[in-house]
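Q: Be aware that the sequence shown starts at 1, since it is given in this note's numbering, and climbs by one per residue.
I should point out that these hints are in silico values taken from the structure, not numbers from a laboratory. Only a predicted model underlies this, so the values are computations on that prediction, with no experimental measurement involved. Heads up, some of the hints might be wrong.
Using C-beta positions, here's what the derived DEER-type ranges look like [what the hints assert, rightly or not]:
| no. | residue 1 | residue 2 | range |
| --- | --- | --- | --- |
| 1 | A63 | E119 | 31 to 37 angstroms |
| 2 | G12 | P77 | 33 to 39 angstroms |
| 3 | P16 | A79 | 39 to 45 angstroms |
| 4 | A10 | R85 | 21 to 27 angstroms |
| 5 | P16 | D150 | 50 to 56 angstroms |
| 6 | W126 | G169 | 14 to 20 angstroms |
| 7 | A79 | Q59 | 21 to 27 angstroms |
| 8 | G66 | A17 | 27 to 33 angstroms |
| 9 | Q59 | P13 | 18 to 24 angstroms |
| 10 | T115 | E46 | 18 to 24 angstroms |
| 11 | A167 | G78 | 24 to 30 angstroms |
| 12 | P21 | A153 | 45 to 51 angstroms |
Where is the CB? At the ideal position from N, CA and C, for every residue including glycine.
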Amino acid sequence: MTLLLRVGHALGPFHPAPGAPARHHVVRVGWGTPKLQGEVERTTWELALGAPGDALDPQVVDALVGRGLLVRVEDTPGARRTFARAHRVQPLGLGTLAGEDGARVVGTWVSPTATLDPEAFDIWAWAHLFPDLAAAAAGLAGASAVPGDDADAVLERLVTRLPELLAAGVLYLDVPRDAGAPG
1 MTLLLRVGHA
11 LGPFHPAPGA
21 PARHHVVRVG
31 WGTPKLQGEV
41 ERTTWELALG
51 APGDALDPQV
61 VDALVGRGLL
71 VRVEDTPGAR
81 RTFARAHRVQ
91 PLGLGTLAGE
101 DGARVVGTWV
111 SPTATLDPEA
121 FDIWAWAHLF
131 PDLAAAAAGL
141 AGASAVPGDD
151 ADAVLERLVT
161 RLPELLAAGV
171 LYLDVPRDAG
181 APG
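Start from the sequences and build out the full structure, keeping to the hints where you can.
A: Listed below in structure tokens is the structure:
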């Protein structure tokens, strides 16, 4: 199944003056801050959390893909590797509390965001330390609890888990550290 995933961290609406309606919504992607114009673009971006839904406007989706604010990931090893070399994750939330079943609570101490199983927690806690998702999969494969797991198997599971982690608000997709760096 093809995945449609949002890229970037929502920074919120831009109001040109106190009390004025929002002119656009700002998203941070790498070093840039592209803008989502109008409610259709904003809603489409927010809803891109996995399977492309029928409710999404294909023209808006194509435009956002073209601008790098959405990414389509085909369900093939090659497509996953291409996606993984061009993206990384950044964690959101603080603090973790271990549950009795090995799950971890991520969020703030006052407001927990999500309870993550050990694999999802490893993605949240460690994947951002690598330059891209391909390197993260290779690094996490070395620590996998599943005997014989290689980087491709870990990458397949990592990509499969992204929609739930994005929806839970515990991380966001970004571009590699060097992409678009000011020079």
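Q: Look at each hint and say if it fits the structure.
A: Going through the hints against the structure:
1. A63 to E119: 31 to 37 angstroms: 34 angstroms Cβ-Cβ, so the 31 to 37 angstroms window holds.
2. G12 to P77: 33 to 39 angstroms: With Cβ atoms ~37 angstroms apart, the hint holds.
3. P16 to A79: 39 to 45 angstroms: holds (40 angstroms)
4. A10 to R85: 21 to 27 angstroms: holds (24 angstroms)
5. P16 to D150: 50 to 56 angstroms: Holds, since P16 and D150 (Cβ atoms, about 52 angstroms apart) stay within the stated range.
6. W126 to G169: 14 to 20 angstroms: holds (19 angstroms)
7. A79 to Q59: 21 to 27 angstroms: holds (23 angstroms)
8. G66 to A17: 27 to 33 angstroms: Roughly 31 angstroms apart at Cβ, these two residues keep to the hinted range, so it holds.
9. Q59 to P13: 18 to 24 angstroms: holds (23 angstroms)
10. T115 to E46: 18 to 24 angstroms: holds (22 angstroms)
11. A167 to G78: 24 to 30 angstroms: holds (26 angstroms)
12. P21 to A153: 45 to 51 angstroms: holds (48 angstroms)
The structure agrees with every numbered hint stated previously.
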